[in-house]
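Protein chains: 6
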Amino acid sequence: MAFEYRPMRSIIYVDCVREEYRHRLQHWLYAIHVPDSISKFAPYVTKYAFYNALPTPPEGERFGTRRMQMTEHYWMVNEMTPEMHVNAFGERMPLEVLRWQGMVPDVDTLPVVNLDGDAARSSGGDNGMPPFVFAHVPMNWQEDYKGAGRTVDDGPNYRWQFVLRWPDEEAGEKWFNEVFVPYFVGRPEVNRFVSSKIYHDVVGCQFHRLVEMWFDGPEEWYAAAVEGTKDMPKPQWAVDAPEEAPQAQFPFLKSNFNIVGMFLSDMAASDNLTQYRGYLQMR
Amino acid sequence: MAFEYRPMRSIIYVDCVREEYRHRLQHWLYAIHVPDSISKFAPYVTKYAFYNALPTPPEGERFGTRRMQMTEHYWMVNEMTPEMHVNAFGERMPLEVLRWQGMVPDVDTLPVVNLDGDAARSSGGDNGMPPFVFAHVPMNWQEDYKGAGRTVDDGPNYRWQFVLRWPDEEAGEKWFNEVFVPYFVGRPEVNRFVSSKIYHDVVGCQFHRLVEMWFDGPEEWYAAAVEGTKDMPKPQWAVDAPEEAPQAQFPFLKSNFNIVGMFLSDMAASDNLTQYRGYLQMR
Amino acid sequence: MAFEYRPMRSIIYVDCVREEYRHRLQHWLYAIHVPDSISKFAPYVTKYAFYNALPTPPEGERFGTRRMQMTEHYWMVNEMTPEMHVNAFGERMPLEVLRWQGMVPDVDTLPVVNLDGDAARSSGGDNGMPPFVFAHVPMNWQEDYKGAGRTVDDGPNYRWQFVLRWPDEEAGEKWFNEVFVPYFVGRPEVNRFVSSKIYHDVVGCQFHRLVEMWFDGPEEWYAAAVEGTKDMPKPQWAVDAPEEAPQAQFPFLKSNFNIVGMFLSDMAASDNLTQYRGYLQMR
Amino acid sequence: MAFEYRPMRSIIYVDCVREEYRHRLQHWLYAIHVPDSISKFAPYVTKYAFYNALPTPPEGERFGTRRMQMTEHYWMVNEMTPEMHVNAFGERMPLEVLRWQGMVPDVDTLPVVNLDGDAARSSGGDNGMPPFVFAHVPMNWQEDYKGAGRTVDDGPNYRWQFVLRWPDEEAGEKWFNEVFVPYFVGRPEVNRFVSSKIYHDVVGCQFHRLVEMWFDGPEEWYAAAVEGTKDMPKPQWAVDAPEEAPQAQFPFLKSNFNIVGMFLSDMAASDNLTQYRGYLQMR
Amino acid sequence: MAFEYRPMRSIIYVDCVREEYRHRLQHWLYAIHVPDSISKFAPYVTKYAFYNALPTPPEGERFGTRRMQMTEHYWMVNEMTPEMHVNAFGERMPLEVLRWQGMVPDVDTLPVVNLDGDAARSSGGDNGMPPFVFAHVPMNWQEDYKGAGRTVDDGPNYRWQFVLRWPDEEAGEKWFNEVFVPYFVGRPEVNRFVSSKIYHDVVGCQFHRLVEMWFDGPEEWYAAAVEGTKDMPKPQWAVDAPEEAPQAQFPFLKSNFNIVGMFLSDMAASDNLTQYRGYLQMR
Amino acid sequence: MAFEYRPMRSIIYVDCVREEYRHRLQHWLYAIHVPDSISKFAPYVTKYAFYNALPTPPEGERFGTRRMQMTEHYWMVNEMTPEMHVNAFGERMPLEVLRWQGMVPDVDTLPVVNLDGDAARSSGGDNGMPPFVFAHVPMNWQEDYKGAGRTVDDGPNYRWQFVLRWPDEEAGEKWFNEVFVPYFVGRPEVNRFVSSKIYHDVVGCQFHRLVEMWFDGPEEWYAAAVEGTKDMPKPQWAVDAPEEAPQAQFPFLKSNFNIVGMFLSDMAASDNLTQYRGYLQMR
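Protein chains in written order, with the working numbering: chain A, 75 to 357; chain B, 75 to 357; chain C, 75 to 357; chain D, 75 to 357; chain E, 75 to 357; chain F, 75 to 357.
In isolation and in its complexed conformation, chain A is listed as follows (with noise of 0.2 Å):
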């Protein structure tokens, strides 16, 4: 039995599907989970934080616009290895913590029953709902296509980060690097442009890409990623998949399915491991 040395960055967009949900979800968050998390993985995660999803812009829905909060974690090793696979104690997940996330239906009648972690993070997808988002990727972006250098005195950043699910992967990354990556790098509104391969081989995650544009602003998205992006030709991939890529315009990709993401601002909401200090309340 073998413990492997590998860091890895890992990604979840948790999205709240109703008004109503949001102050309860966030109080799962961090009244339970926050400390049922760090009780678990403090001895091999070395950063955990939660960054609050901004509110999504106009036509933000069509790009699968997550929005409660992107949960990341740096880890050591990969948890889902079978040594690694006992634990002291479970999490709590009860399974209405789906609901509102859009993983399962948003019903009433759904059994009360605390999941365990693998089963809430596979949830979604199959059931005909949104899958739930847990992507790896390297502890450092792998491609930098524009804007490296940047600085915090260059001033505050809209990031838009998302990941995609191409119907034909080979297809898909060709159009991305052949016509996807220089539209972006040519616009103007553009700051900085990142991106990664997802790893496929810790939690099975279905997404083949990790991207991130900074631009100063959600006018600027909509310059870039809505108006700009309206003559781009559906591509032959996309016209191949209706199913995937049902959109005529950009993204093309089906929204929440093959394109989730969420827009970001520069700084952590909370960074747990350094700063939480247990679930407190306004008098």
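Source of the hints: derived by calculation from the structure; they are not laboratory data.
Identical chains share a label here; the pair holds if one copy fits it or two copies do between them.
With a straight-line Cα cutoff of 20 Å, these simulated EDC-like cross-link-like pairs (lysine to aspartate or glutamate) come out:
1. Lys-308 to Glu-247
2. Lys-121 to Asp-345
3. Lys-271 to Glu-157
4. Lys-248 to Asp-314
5. Lys-121 to Asp-110
6. Lys-308 to Glu-133
7. Lys-220 to Glu-157
8. Lys-271 to Asp-218
9. Lys-220 to Asp-190
10. Lys-271 to Glu-244
11. Lys-304 to Glu-263
12. Lys-121 to Glu-78
13. Lys-304 to Glu-135
14. Lys-304 to Glu-252
15. Lys-220 to Glu-263
Following the hints, complete the assembly by docking chains B, C, D, E and F onto the known chain A.
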């Protein structure tokens, strides 16, 4: 020269008038304003926290709902007394920060200047823009109308917190006690209801009363505050003051001028004196 | 309505009446009560610490020795005044917690209810059970009988700390000053000896005096407090009050009712305002 | 010279042989040893925590129950390799500390010396005293016999954790799997049961196995481990090794030599890397 | 017995008379004195910080420039009142620490004793050595002569902070207001200039005034304080008091007795209440 | 693409070439560089600390003594590998910062540019200025020549730490082992002496060896390193390389080019990952 022990809580409602400004305002708040503030008042402030505004619910605009955050301080002394007047260094408050918050017009022709804190805090209202709200109240709530004893185990709360400025204080307070309070105490959606009068002698705040009610969520708020009040008659003090109380329906008062508030969850986004670690960025 | 600056220290002695309850009581204290407490009083408490009870030494039971922890607060205001009465949320104090502490009978027929803090703190004594001890004293010790100047380099201390309730205050205090103090000042085992009178006007505490003595260890305590006092004559005030002072030997007073205390080391188990990070579990 | 990534957890059971020493040992642990340790291993230890021993339950002495604390580390490298041998400074481990822990005789004639860490850690056993227990195990548990998925909401746990040293490893392990495990899995009082084999190649620890079981409390432990095992036949390997397994009843093994353990609650007394603030004293 | 709310700032200038002592004094300050101090005054001190002395600039010796650190406290109460007199434990202040600071002669024949804090703080001056400077001033500066509104973005500051003791207070203050203040206000090198009178009723400090001026660096300080004052006439109060004002040039006062100060940067070396983690060593 | 676990310590010696720059350099280090650095490397750095340079002792300039601080990192991976190359944001390193450190000429005609970290770290030496020293060594010391077992109780240490670059590595190392080591091992002033070879394959550092010796203070250092070496013959390798070893006396090597070091105390000025709270200013 004497320093009086005068423990107070204060509430500031920060607006964000355009999504293009949200991440910039966040950057100013966390990268610029928090360290300026801690450096300045750490010796006499015992709590300094930020609470994120929840998204404005339907018709929430009519209630003067602001969209960025509530800033809370607990003071041991009144910072506005003469013996507290001299400060070693100034706070950085560029005028554009007030523009982002809606205290000055959202135009590019604003001069580029740094305001001192007092100028910033007295902005708005007089210039036709909504007033900066900086309300000091007693350390604990004064009035407890409903729900005493509710604990964190009773569930996460959707908190509606707001300040009221009556055109006629006596008439307004009478109506508050005889109509407003009984109505909301009687609504099943209201789980908790507390209130305090606002001190006028600290920063000259013109609002009279701070109110907080807790609901299960925005749908319950809507039922109680919008639907349930449809037939509430417009009170005479409101009829008599069409400029300060122009709305035909509850809350009658001029939104963002005579009623200003926010929807909040139970949890601070950042308890700055204990959790702040500097402005760190996502990698 | 005025808030008076009134710095005070308070002492609570928490008992654990059966080992079956120790880990449950610990869970309630750290997982439930600490976050409730910090949320409530962070703006006006400057220190909030737990000190673990050392094991009861031989014959320690006769001295009202409690077995869980001493809870210490430093307050800036008297929380019991009318202006401090309204709290946004209630603390979670299920009746079974008082059962574990011995404030209500150790029977399974107790109703399942949540007490508010005041009800909890006034439990015991009147119901035949030992009183809840919540003693407020001046911020610093009032009387310094022996050992001033002892530093941490003089060695770890075995601290005996307790409260006394005289059947007759005047007679008791006279005896304390004329007999008790000279006796312990004269014992070579006593390294340090300090005391304060307890405020009666804060929570109505019926105890009169808080005492603390430092020894090298329990064997030295036994020599001084048990063996050395064998021939100490029973004072007249004790003879006159057989119910409150039923013991033939020192300390004469009724254990756990008229004398309550604890054996402590120098170090806090948790300085909650600075060290608490939420309830985390062993993996 | 190579540094191998080898994540491990280690367990130390610290005894306190006389109450006269408890506060002194605590002082050494927190005032002396924690800063020495953090200074030394902060770059390659990811968790360093102390867990207080619960009081020994009835008959607990027969199970090698130690009385001070369990010390837990999570290492990234094996500190015992040659490339980790040189340390800038030595740790302070006066011989009397081992006396307080029962690793050397409790006599006043001990020489006054400072041990280095390795000498301290190899003390006991060979000198007729109980061995110092420093057991390295894989980061996560290897075997999960019962209770997977139990969460913190299922209630506070009374944890029985211990190491076993078989006189004959093969026979002992066979009996463990065929008798011990089925017996405790079948007991209704056992809520959780996990175990791992101990690495022999790190510090030469002679114990074979680390076991942990969770009960509701000491009464349930007694029912399962003492009363329920009354009729368990003495296994042949125990009959064959009367010196290492002298007890007629379960656990058969020589207490404090072949079985050593502790009763623990769920919570760390101090998570030193995140909570330590220096040695501060009660006022 | 009453505890008065009396917020104050205090300033201590710690000297280091020989480089042979700098690391020893640092060790005493951080390993010994900080934990003693926090243990003692945490309930009533709201800020406790150390600021490193910058190297003494050319001719700085003539200005009573001390060479170790400035120690700053913010108190809520006057620690010197009778009700604050009794302390549970003493602080460790060996006489050699005063030797390192220049409060007692730098000779090896000093007795080895532990001083209590009051003895230490009243050392010097009377014994022919420079006085221990422990100056209490109002929480905020009283006088703001120049540079109000300067922010951290205006650049790092070279701060000259010092206390003055006039031979004749009335004459000295008059000269300060009529000559000193106008001169430095008029110097272009002075970016900021504030001052306060020192309380005499706290610890009996004999200095009259605390002054702070900010420069771009030591070269600007030299231009203003040394070169620019060459022709400043010796004031009559100085001529009249040759022992306390023996210098022919500005600052006229007896260095290290009637003027004592330090050159500081903007930043605390350690904000002890929030940053102290015990005395940890380099590996 | 693979991430190798390669724990290393690295040492940077930061100089300050003029007192006019010390507070500016401090501001850049703490206000600008620490948050940039933590944001960048928190996931794979386990310790990041600053140690203040003690004042340069007499003749210390001949030993390449730098005057600002030593910056220490403990890395889990080699940051210079291709898979670590892409960074989300750039660090802010204006050229003037290198000027303050003496890596570029101290002239006002420098262009105003932001360097990336690699450019900054490869500055100096080649341009005639002293080299930037960034030396990676094994996590623990390799050689332990004297003083093993010394503890913090043996007294505060005056640490002399430096790197050596031999003109001829083989000859230099031979002399180091045969002359240098025996000499300093034999000096009574040397309390501790350790060393490691520097990795050349990380950042291309040209220095060969890191050395650290501990003295009681600068006077003991002077006795051993200056006075005691007066008669040490200039070694042949030094005679043969007059440009790199121009000094007639020990250390022979070219100061600030072939020998660079610092005098340090035991304590970090800031352990940034655990103590940094943002850039806060004195009031």
